[in-house]
Each structure stands twice: as structure tokens, then as C-alpha cells.
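S.K.: Fit chain B to the known structure of chain A by using the hints.
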Amino acid sequence: EAQVTQNPRYLITVTGKKLTVTCSQNMNHEYMSWYRQDPGLGLRQIYYSMNVEVTDKGDVPEGYKVSRKEKRNFPLILESPSPNQTSLYFCASSSLLQGNEQFFGPGTRLTVL
Amino acid sequence: RKEVEQDPGPFNVPEGATVAFNCTYSNSASQSFFWYRQDCRKEPKLLMSVYSSGNEDGRFTAQLNRASQYISLLIRDSKLSDSATYLCVVTSNTGFQKLVFGTGTRLLVSP
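Those sequence lines, one after another, are chains A and B.
Position 81, counted from 1, in the first sequence is what our numbering calls 105; the numbers after and before it change by one each time, with no gaps.
Position 59, counted from 1, in the second sequence is what our numbering calls 90; the numbers after and before it change by one each time, with no gaps.
Bound conformation, chain A alone (with noise of 0.2 Å):
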């Protein structure tokens, strides 16, 4: 079955402490990217990877790192978590030749206190 996979589902951390949310597709997409959707603001990317290697920032990167190693992973890593970071983290990705439909994981959310 094609689809997006994100781990963990639910965390619950506190301010500092270091954690790495895990996506992975099997669609041999080469967009992914990751986003963050906050009551009142929608979906806002936060980094995006146009393939193996090749990563940018989007609109809200501050916080924020992210790896490309293999084309179906792309970790997103919070090196020193805040609460202004509790969220609901959305991991996707896409293809050209698929008519660039986005395909979304089912969601992080993401709790700091």
C-alpha cells in the first residue's frame, strides 16, 4: 500500500530535550517535505527536500533540522524543543510525475511543556 509513515504519532517532552520524528514514504516520491499546522495560521512548510541530499528551508524553519540521507526518510529534528513548538507536524511528499498531488503521514502531534 502506498503511503507516508510518521513516528512517533503522540509525544509529550519537555523544553530542551532533544527529539527526532521519523517519516518515511514508499512511493519513490522525490519532494518531501514537512509542515506544521497551527489553529488560525493552516499548514505552514517548515522544510522541504527536493531529493536525496538537496534540503531548504520553507516559510518557518527556526527550531528546526532536517536530513536527507535516503529518498523514502526525512527526519525532523528538534535539537532544543520550546513550547512555542507544540504542534501538529505534517510530513508529505510528491512527485512531478504524479501531477504533484501531496501525499500526507497521518500526523505528529507534538506536545512541549
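Warning: the hint list may mix true and false statements.
Facing chain A, a subset of chain B residues (Cβ under 10 Å, in silico) [said to hold, decoys possible]:
| no. | residue |
| --- | --- |
| 1 | VAL35 |
| 2 | GLN37 |
| 3 | PRO39 |
| 4 | ASN43 |
| 5 | VAL44 |
| 6 | TYR67 |
| 7 | VAL120 |
| 8 | THR122 |
| 9 | THR134 |
| 10 | GLY135 |
| 11 | LEU139 |
| 12 | PRO142 |
No lab work stands behind these hints: they were computed from the structure.
Glycine residues also receive a C-beta, built at the ideal position from the N, C-alpha and C atoms.
M.R.: The following block gives chain B in isolation, referenced to the frame of chain A:
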């Protein structure tokens, strides 16, 4: 001004009603347009792409007006299962695959 603007709603309609949402975008260079559907606490899913000539998929019709920079979504014969948030999405001028999402319009269909 937001790059993509939508009325947040909620739109409360009875089953069987016809409802329309509009969305305006500010980037005249946008090339691709979409409507996504998002159920509560779930991931967004593509509902339909929006083409210049307008397009229809069952009860759903999407229209694009480039001159006025807005897109619309019409839902006929609303079902209870249509209750969701509808996200207007356009491509950014920074890249074909970068999408800009509106904040969504909430639809509630009641019996």
C-alpha cells in the same frame, strides 16, 4: 495580506443542500490549484485539482478565475460525510512543488 485566503466558516447546511466556497490568492504567477479535504485531526487529502476550464467530479465542481484570482468549490446534494474542512491550495512562485495552503473552510452538514 495572506497568500491564500478563505472564509473559515463554519458553513452549516442541511443534507441535500448546495454549498459553495471561494478562495482568493495573491500570487498571479501561481500555476496549479487544488482543493484538499481534511477531517478533524486527520491528514489532508486531495479532493480535486482545479483546471482553467473548470472541472467536475461527481457532486463536486471546481472553477478557476485567473483574472480575479480566485477559485471556487461547489458541492451539490450535500451528504453528512461531506462534513470536513476544505483547504484551498495554490503553488508558490518559488517552485512548482511548493504549495501554499489556505487556513480552510469548515463545512457542517446536518440531517
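S.K.: Could you tell me which of the hints above the structure violates, numbers in ascending order?
M.R.: The structure conflicts with hints 4, 5, 11 and 12, although it agrees with all the remaining ones.
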